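A.B. asks: Take a look at the letters that make up each chain.
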Amino acid sequence: MRSARTGRNGSVKDNPDHREPVLVARGISKAFGITQALSDVSVSFLPGEVHALMGENGAGKSTLGKVIAGLHKQDSGSVTLEGRELLPGSLDDAFAAGVRIVHQELAQCPNLSVAENLCLHDIPKKGFIVDFDEMRRRAEELVHQLDPSIDVTQPLGRLSPGRRQICQIAASLDKDAHGQNAARVIVFDEPTSSLSLTEASRLMEITRDLASQGLTIIYVSHRMSEIFTCCDRVSVLRDGQYVATNIVSEIDEPTLVEQMIGRRISTPGAKHTASSSDNGEGIEAEAIESLVGTSNSQEPHYDQPPRLILRDVCSPGKLNSISLKLYPGEILGVGGLVGAGRSELFDAIFGIDHRVTGSIVVDGDEICGKGTKAAIEAGVGLGYVPEDRRNQGLFFNLGIDENILAPIMPDICGLFGTRKLDDELARVQSRVDRFQIKTASLRETRPSELSGGNQQKLLIARWMSDRTKVLLLDEPTRGIDVGTKAEIYKLINEAADQGLAILLVSSEMPELLALSDRILVMGEGVIKGELRGSEMNQTNILTLATDESAVARAAH
Amino acid sequence: MLVIIMMMAVLSVYGAFNKVPEAKKIELGTDARVVLLDANGSEHEIGTIAKRNIATYRVIDTDGSKDYDAASVDRYDSTTRVIFQSRLKNKFFNSSNLFLILKDSSFFAIMAVGMTGVIILAGIDLSVGSIYGLSAIVGAMAISALPQDASIFIALPVGLAVCIAVGTMCGLANGSMSVGLRVHPFVITLGMMAALRGLTVVLPQEIYSTQSIGGFPTSFTSGFFKAKIAGVYPVPVIIMALVAAAGWFVLSRTVFGRRIFAIGGNETAAQYAGIPVGKVKILVYTITGALCGLSACIYLGYLGAAETNAGNAYELQVIAATVIGGASLMGGRGTAVGAVLGAIIIQLINNAMVIFSVDQSYNQIVMGAAIVIAVVIDQTKQRVQARRG
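The listed protein sequences correspond, in order, to chains A and B.
Residue numbering for the first sequence is 1 to 556, as defined by this note's numbering.
Residue numbering for the second sequence is 1 to 389, as defined by this note's numbering.
Looking at chain B on its own, in the form it has when it is part of the complex:
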């Protein structure tokens, strides 16, 4: 958390010195009248004064008048009755940029919540990116089969149900194979990662001969997942917040959650305490798969199409988010909220590279370093605490 605040502070300060123009249109009502004022305050009609002499644009309507400083106004188009305004804004700290970061985080933050459970178990799931891709493709097939004007009450349940069902099945397969066959989840999910990715590519090729499936009902895209409210697209972010809250609750407040921690802390002790270790493990992998499906559904709604490479290499981002968020790969430690914050930190780093106008190619280097540093700091902190305690 502290890291996020510090990064945001640095970026805000930098952004304040490196403002970017923001275009804004002000549409005038039919009864409004525009009067131009010069530096001395005397009024002029449109067309009777040179643009460089205009000091203020005054808009007068029935409710009174409002002044716009000429410095902030690009031009006034009298035929469409629009004032084109441009003003400088903080390059980092503005609502659209912040929401962009949150929105970009949300896709894999949701998966990271599930991954936290897996990692607390001292397991790992490498197949999340592929589950996400497959859920998206299968979901896209289902949704694109609906009519363009399908109601949100049909499109949304169909999309969610199909995506989450696919994800759940994949997660269930991961869990039951690693438990039932007694094979380390690294191997099982590595196999699943490759197999599911292949399936993701094959399916649209065989059925549609294409790499991308689009054409969803608008109620599914701009009607819900990409609904614009107050100038931003908040739905993915809201879902992320809900998932984080649910993850926190399940992990810290429910019997199921505490059993996950017990297994990760000492599997033998958990067995002796009568905890159904296998069942808990399978359930955790299944939930992770379901969350991948949910995340894929949001992606479909937000972008309005599914590509076969959706979620490629997401597993590393998701694991990185979880680990940056304080989960221990040795098991027994981790929080859902931490995982979401970890995802946000990763996006902040990405965003910072853009803000500082660094070449995108350097992203990977910085990201790699950040992951290692974050984990080293966290472990040092743990060790110091352990010694004090």
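Only chain A is shown next, with the shape it has when bound in the complex:
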């Protein structure tokens, strides 16, 4: 490893010509609830550099960017701009000092013109009346240094995502209300996540341009190719901890990947081997494997016809030509980074996305474009445990019983839709027993009274029924404790042994590796590759997921 690991004392050794840093983040810690997003992270940024913050999902790179821009308030630590400490968590103070953020959650007003959006904080006026000429002039001054073809009188909502992004960058270049303190440091938070390839490359040109004018750009991204195209230095975070700062021209991709996934890099291989990782430090991976156990002894039934076949499934702007086959008893993992299109794929299969084209066949029944009801009822029954159990999963106003029975209620009711309460209760009881859901009452208890793990088991219990033969699991163990994780792994493996075909999305690498029989890696809405057997390891998944050339191939 060429770059020095400087730890918390900034990165003087990485500073090639000993320029004074313009902005220093020192000892930043930040927790959200029980999750420690950042712990004691220190990074310094030089004038005129594009400095990437890199890391896996949840590494804390975005949180650091937001703390610097005053969008989040740190629990401890300080952000200093040229010697002056910025008020923690104050967007105003950061803005006035010249620290800006380009961030999607701060999206503007789509119903107003570009010019109005740019001047919203300080609309030019003569008396009460808006000075539209002055507003237009100011907006053009800002926008046209980035893209002269943008008509600032157009409503912002009519622009393409790329141009909207450019307008946001233009807004961040504005001076403060007193016409002073132009931008010094701009944080780009995942700036290309919603852009096309051409738009992204235009954005990177702009980034380089701004840096050459002396601005410091903090570039939060997980896209390898962007780091190597437009960044000078890259700081890597992992699990909220600072790992290293490297000069981009002196580092290669594998080293960076290694830093991102850390010394825990381990190659557990297929789940059946259950061998511990090679260097003895894959503690978590090992732990996960021990949790998963070896109960899944049965091979998937590759000799039988596939339960689920996707051919050329496309959804405008989300998915591009997805094809896959899922066999009975198989757990097919889907890997990739945030925004790769994994949840979108599940929405497409389950009939939630109405603009899907192509062919989705479940046990011989074509269900593409027929909606969710058809998906649930198709041939063998499809189940979907979505990623966000709070918003997409559970009914928090209904009891445990109705939460479990919701999809099958029309089938088990009596004449004219009257409910058979005893019959229902028996079904619910057997399901609750099997999944060991700890609940005070089947009817009176609301999901909000359950622990996170029991909520998740409740949601899985809804779909993992006898009639379901294909199950889509999206982040099935997100935010739950280790004990419940083990239970869920056991349930998943048992179900697969009994012939259930499972499509699994997980951002937790060890979990994905340990459970899956095969892994598909997605990125940019396409499948970038398939990994089997010994190819299944963290490095290969990350390499495929961040590999831009795979996108280029898919685009042709």
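You may find that some hints are simply not true.
[Stated by the list, open to error] Pair ranges (Cβ atoms, derived):
#: 1; chain 1: A; residue 1: Lys370; chain 2: B; residue 2: Ala16; range: 50 to 60 Å
#: 2; chain 1: B; residue 1: Gln205; chain 2: A; residue 2: Ile129; range: 24 to 34 Å
#: 3; chain 1: A; residue 1: Thr153; chain 2: B; residue 2: Val372; range: 24 to 34 Å
#: 4; chain 1: B; residue 1: Val372; chain 2: A; residue 2: Lys373; range: 25 to 35 Å
#: 5; chain 1: B; residue 1: Ala195; chain 2: A; residue 2: Gly83; range: 58 to 68 Å
#: 6; chain 1: B; residue 1: Ala195; chain 2: A; residue 2: Lys373; range: 39 to 49 Å
[Said to hold, decoys possible] Cross-link-like lysine-lysine pairs, in silico, BS3-like; alpha carbons within 30 Å at most:
#: 7; chain 1: A; residue 1: Lys318; chain 2: B; residue 2: Lys381
#: 8; chain 1: A; residue 1: Lys370; chain 2: B; residue 2: Lys381
#: 9; chain 1: A; residue 1: Lys126; chain 2: B; residue 2: Lys279
#: 10; chain 1: B; residue 1: Lys279; chain 2: A; residue 2: Lys175
#: 11; chain 1: B; residue 1: Lys91; chain 2: B; residue 2: Lys25
No wet-lab data here; the hints were simulated from the structure.
Here the structure is a predicted model, which means the values were calculated and not measured.
Note that beta-carbon positions come from the ideal geometry of N, C-alpha and C, so glycine has one too.
Fit chain B to the known structure of chain A by using the hints.
C.D. replies: Quick look at chain B alone, frame taken from chain A:
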């Protein structure tokens, strides 16, 4: 706009085939003399010719003579020296009918201008009808206390001031409660709608033991709000036009107006841009209340009395006018002129039902359908535009 022109065209054509008689009196000067002509053009004195033989009534005075075709003349009354004329006119397209539509629209078009601001904010105000009713009753109490022969310079300012003050207070209450208590304006204004309506009924009962207050100075009614100019009553319509113009100007040209749009488009972004979101909201509700007061004042002057059920169910008409005029209930979109045109469309539909001699009971059905169709068309148009852009 296009919709209005199309509706008017259809109604005009229908009206042209279904003419209605219009009575008209022509009063003759003292020096005028009437001569009757028969079909051959020979002159006869009054009383010397049978009515069915008269072809032309010729009026001769010092300036010369003027002929009236007998077909258009009902009769001539020689003692009062009046020619009673009746002629057929387009059932729809005539000045009195058109002004009737505009006048009927004006009461709630004025409120709809304020409602547009509220709806652009992604808010709603259900209490406009009740504010209108209360302003009218309180205003009526004040004006009826004035002497019958009070000058317009006293009656008009008193009426306007009282009505608008009441409306402003109610609007201020709406705005500050929904902002201050952080309760959705739907709930606040729903409560206000009921409470103010109750107050409107209770006040005249307690004070006058009556459901209606009248007896205003004539300078307030026929002297101003119901002044007849060129055969029509234009004052409410003129005020409506002024309010529409002011609404357009405020919404599209002032900083305040643009801030309303910003809040409706993205409240969080507006906050981050340093816009005083709460203040702007309160002001918008207050202005809406004031416009309800203004509208109530016109109603008082035009009808010369206030009833406790004035403005009942107006909130729905007002919201419908705003939405037909292109405002989005999701916020961020709407125009004052659109709201006024929406109000006119609603009255046009009402009028069309009369022109086509459809039973009034069917009005509600047609109106309901029209609102839904108008909004669906508008949204489709927006979606198509968005896709093209």
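A.B. asks: Next, verify each hint and record whether it holds.
C.D. replies: We went through each hint and held it up to the structure:
{"no.": "1", "hint": "A:Lys370 / B:Ala16: 50 to 60 Å", "result": "54 Å, holds"}
{"no.": "2", "hint": "B:Gln205 / A:Ile129: 24 to 34 Å", "result": "47 Å, violated"}
{"no.": "3", "hint": "A:Thr153 / B:Val372: 24 to 34 Å", "result": "33 Å, holds"}
{"no.": "4", "hint": "B:Val372 / A:Lys373: 25 to 35 Å", "result": "27 Å, holds"}
{"no.": "5", "hint": "B:Ala195 / A:Gly83: 58 to 68 Å", "result": "59 Å, holds"}
{"no.": "6", "hint": "B:Ala195 / A:Lys373: 39 to 49 Å", "result": "46 Å, holds"}
{"no.": "7", "hint": "A:Lys318 / B:Lys381", "result": "25 Å, holds"}
{"no.": "8", "hint": "A:Lys370 / B:Lys381", "result": "27 Å, holds"}
{"no.": "9", "hint": "A:Lys126 / B:Lys279", "result": "21 Å, holds"}
{"no.": "10", "hint": "B:Lys279 / A:Lys175", "result": "26 Å, holds"}
{"no.": "11", "hint": "B:Lys91 / B:Lys25", "result": "20 Å, holds"}
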